[in-house]
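Got chain A sorted already, so can you dock chain X onto it with the hints?
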Amino acid sequence: NAGVTQTPKFQVLKTGQSMTLQCAQDMNHNSMYWYRQDPGMGLRLIYYSASEGTTDKGEVPNGYNVSRLNKREFSLRLESAAPSQTSVYFCASSEVGGGTYEQYFGPGTRLTVT
Amino acid sequence: QKEVEQNSGPLSVPEGAIASLNCTYSDRGSQSFFWYRQYSGKSPELIMSIYSNGDKEDGRFTAQLNKASQYVSLLIRDSQPSDSATYLCAVGQAGTALIFGKGTTLSVSS
Numbered sequence: 001n002a003g004v005t006q007t008p009k010f011q012v013l014k015t016g017q018s019m020t021l022q023c024a025q026d027m028n029h030n031s032m033y034w035y036r037q038d039p040g041m042g043l044r045l046i047y048y049s050a051s052e053g054t055t056d057k058g059e060v061p062n063g064y065n066v067s068r069l070n071k072r073e074f075s076l077r078l079e080s081a082a083p084s085q086t087s088v089y090f091c092a093s094s095e096v097g098g099g100t101y102e103q104y105f106g107p108g109t110r111l112t113v114t
Numbered sequence: 001q002k003e004v005e006q007n008s009g010p011l012s013v014p015e016g017a018i019a020s021l022n023c024t025y026s027d028r029g030s031q032s033f034f035w036y037r038q039y040s041g042k043s044p045e046l047i048m049s050i051y052s053n054g055d056k057e058d059g060r061f062t063a064q065l066n067k068a069s070q071y072v073s074l075l076i077r078d079s080q081p082s083d084s085a086t087y088l089c090a091v092g093q094a095g096t097a098l099i100f101g102k103g104t105t106l107s108v109s110s
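First to last, the protein sequences are chains A and X.
Sequential numbering of the first sequence, starting at 1, is according to our numbering.
Sequential numbering of the second sequence, starting at 1, is according to our numbering.
Extracted from the complex, chain A is given alone in its bound form:
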């Protein structure tokens, strides 16, 4: 049981380049999330998917797009990377229902945009 996996672990991009961050979970969770974490800013929600086929904006969605490919996979795309998107990106999943809403995180992707 791998839990939540993310690829890549590290990435360096030049300004204007695009890339997709991949996330997969094997816990059969309905909900998945993308966060970014910056020093002094805490974890901020970018997008989330409450269930397969739905996506919603979080606190900081500008410059990002997401795709819920199936129940297991949720990808985050940067169409034209900017230095302000240098951050650590975490994917998380949770089972919403049955009274518990615990989120479990992947190992993160450390992205640098030069």
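Hints listed in this document are in silico derivations from the structure and should not be mistaken for laboratory results.
Honestly, I wouldn't trust all of these hints.
Here are the simulated DSBU-like cross-link-like pairs (lysine-lysine), alpha carbons at most 35 Å apart as the crow flies [claimed, not checked]:
1) 57/A with 14/A
2) 67/X with 57/A
3) 67/X with 9/A
4) 102/X with 67/X
5) 14/A with 42/X
6) 102/X with 14/A
7) 2/X with 42/X
8) 42/X with 56/X
9) 56/X with 71/A
10) 57/A with 56/X
11) 56/X with 14/A
12) 14/A with 67/X
13) 57/A with 102/X
14) 2/X with 9/A
Derived list of chain A stretches under chain X, where covered just means 3 residues or more per stretch with a C-beta under 8 Å from a C-beta of chain X [to be verified]:
15) 10-22
16) 36-42
17) 45-59
Where a beta carbon is used, it is the ideal one built from N, C-alpha and C, also for glycine.
Coordinates of chain X only, in the frame set by chain A:
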């Protein structure tokens, strides 16, 4: 604007002492409350969840919830150097994403 507030610390305690971490939240409709531990360079790890008023104990950890005061706390008994990390408080409503505090850094000295 829903907010979760934590003292950033650092909170320094000697080995074997009790560490007390606190969190307040603004949304009275919040229903779920979590504590995550994050080591430097690692991802957040869920250590406690609490959904109703009162105390919940798990090993050396006790979570306390007071919805009337909109206050959540985490007590770590017999603190160990391995407990040195940043502790994140997270609060949510049913079926919605969590709101995270910025975290409290705990340092346990041997």
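Status of the hints after comparison with the structure:
Pair hint residue 57/A plus residue 14/A holds up; C-alpha atoms about 25 Å apart against a cutoff of 35 Å. For a cut-off of 35 Å, the pair hint linking residue 67/X to residue 57/A stands: about 28 Å separates their Cα positions. For the given pair, residue 67/X sits about 39 Å from residue 9/A by alpha-carbon distance, which is inconsistent with the 35 Å threshold. Between residue 102/X and residue 67/X, the direct Cα distance comes to roughly 20 Å. Compliance with the 35 Å bound is thereby established for this hinted pair.
With a C-alpha separation of about 25 Å, the suggested pairing of residue 14/A with residue 42/X holds against the 35 Å cut-off. Taking the CA atoms of residue 102/X and residue 14/A, the gap is about 29 Å. The hint holds against a cut of 35 Å. About 26 Å separates the Cα atoms of residue 2/X and residue 42/X, which keeps this hinted pair within 35 Å; it holds. Between residue 42/X and residue 56/X the CA atoms are separated by roughly 26 Å; this keeps the pair inside 35 Å, and the hint holds.
Restraint check for residue 56/X and residue 71/A: satisfied, since their Cα atoms lie roughly 32 Å apart, inside the 35 Å limit. At roughly 33 Å between alpha-carbon atoms, residue 57/A and residue 56/X fall within 35 Å of each other, so this suggested pair holds. Distance restraint check for residue 56/X and residue 14/A: the Cα-Cα separation of roughly 48 Å exceeds the 35 Å cut-off, and the hinted pair is therefore not satisfied. With a CA separation close to 47 Å, the supplied pair residue 14/A and residue 67/X exceeds the 35 Å bound.
Simply put, residue 57/A and residue 102/X have alpha-carbon atoms about 20 Å apart, close enough for the 35 Å limit, and the pair holds. As the CA atoms of residue 2/X and residue 9/A are separated by approximately 31 Å, the hinted pair is consistent with the 35 Å bound. A stretch counts as covered by a chain when three or more of its residues have a beta carbon under 8 Å from one of that chain; for the stretch 10-22 of chain A and chain X the count is 0, and the coverage is violated. For the stretch 36-42 of chain A, the stated coverage by chain X holds: 3 residues have a C-beta nearer than 8 Å to a C-beta of that chain, and at least 3 were required.
Here the stretch 45-59 of chain A counts 4 residues with a CB under 8 Å from a CB of chain X, which clears the bar of 3, and the coverage holds.
Hints 3, 11, 12 and 15, counting from the list given before, are not met by this structure.
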